[in-house]
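Peer 1: Just so you know, the protein sequences line up as chains U and W, in that order. Position 96 of the first sequence, counted from 1, bears residue number 96 in this note's numbering, the numbering being contiguous throughout. Numbers in this note's numbering are just positions in the second sequence, counted from 1, shifted up by 1000.
Hints are supplied without guarantee of correctness; some may be wrong.
Here are some chain W residues pointing at chain U (derived, C-beta under 8 Å) [to be verified]:
#, residue
1, Gly1042
2, Tyr1048
3, Gln1103
4, His1104
5, Gly1106
6, Gly1108
7, Ser1112
Rather than coming from a laboratory, the hints here were simulated on the basis of the structure. Yeah, the Cβ is synthetic: ideal placement off N, Cα and C, and Gly gets one too.
Now for the letters of each chain:
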Amino acid sequence: QKEVEQDPGPLSVPEGAIVSLNCTYSNSAFQYFMWYRQYSRKGPELLMYTYSSGNKEDGRFTAQVDKSSKYISLFIRDSQPSDSATYLCAMSDGSGYSTLTFGKGTMLLVSP
Amino acid sequence: NAGVTQTPKFQVLKTGQSMTLQCAQDMNHNSMYWYRQDPGMGLRLIYYSASEGTTDKGEVPNGYNVSRLNKREFSLRLESAAPSQTSVYFCASSLHRDSNQPQHFGDGTRLSIL
């Protein structure tokens, strides 16, 4: 079993739709969770950063963490064509002895 | 703001040639990383440098060497390139080594080995 699982997609939605992107993980020590957005031929850029369980909102984006289910989600409201990108989840236990563990990414396509 | 800068952006090599990928960050970060990204494989850590003067192996270090030249610069060297090293290489940096620190990425070097 991979440490972090993420559906590769592509996920195709019409403009204005609510998008849900998800990752599951197996390591119960993970407590820091991040979402990165990667446009084609660009590097990943940090989108959301959360600690432990709960929700965090930033504009049209909401990150949700359910540690009991080992499941994290990124919701995008009123999706735009400019949201078309690959979204990578990343997580860590926060120690100085580990590094970030990345999911493989989900490709999102938002059509006008 | 430049952030993390990688050079070159593209490179084509022949099998057996050597190559150094350069990375520099201007965010005064202590830790730097090299990843490769392949279709279906995601980001895989090659080497990292927790602080100036230290380097450690990541998940896929074979065939690579690194040098932390100073606090700003971290280079990746392929001594004898192989077709299996065809990939997109990303450099990243973070404020500290602790894995709760978000990493900031450059835009990558696209490397093809013929």
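Peer 1: Quick check on Tyr1048 (chain W) please, does its C-beta sit within 8 Å of some C-beta on chain U?
Peer 2: holds (7 Å)
Peer 1: Let's test the interface hint: is any C-beta of chain U closer than 8 Å to that of Ser1112 (chain W)?
Peer 2: violated (14 Å)
Peer 1: Hint Gln1103 (chain W) vs chain U: min CB-CB distance below 8 Å?
Peer 2: Nearest chain U Cβ about 6 Å off; hint holds.
Peer 1: Have a go at the Gly1042 (chain W) hint: is there a Cβ in chain U nearer than 8 Å to its own Cβ?
Peer 2: Interface hint status for Gly1042 (chain W): holds (4 Å vs cutoff 8 Å).
Peer 1: Should the hint that Gly1106 (chain W) touches chain U count as held when the rule is a Cβ pair under 8 Å?
Peer 2: Where the cut-off is 8 Å and the nearest Cβ of chain U is about 5 Å from Gly1106 (chain W), the hint holds.
Peer 1: If you take the shortest Cβ to Cβ gap from Gly1108 (chain W) to chain U, is it below 8 Å?
Peer 2: Status holds, d = 6 Å.
Peer 1: Once the shortest beta carbon distance from His1104 (chain W) to chain U is found, is it less than 8 Å?
Peer 2: Result: holds, 7 Å to nearest chain U Cβ.
Checked against the numbered hints listed earlier, the structure breaks hint 7 alone; every other hint is satisfied.
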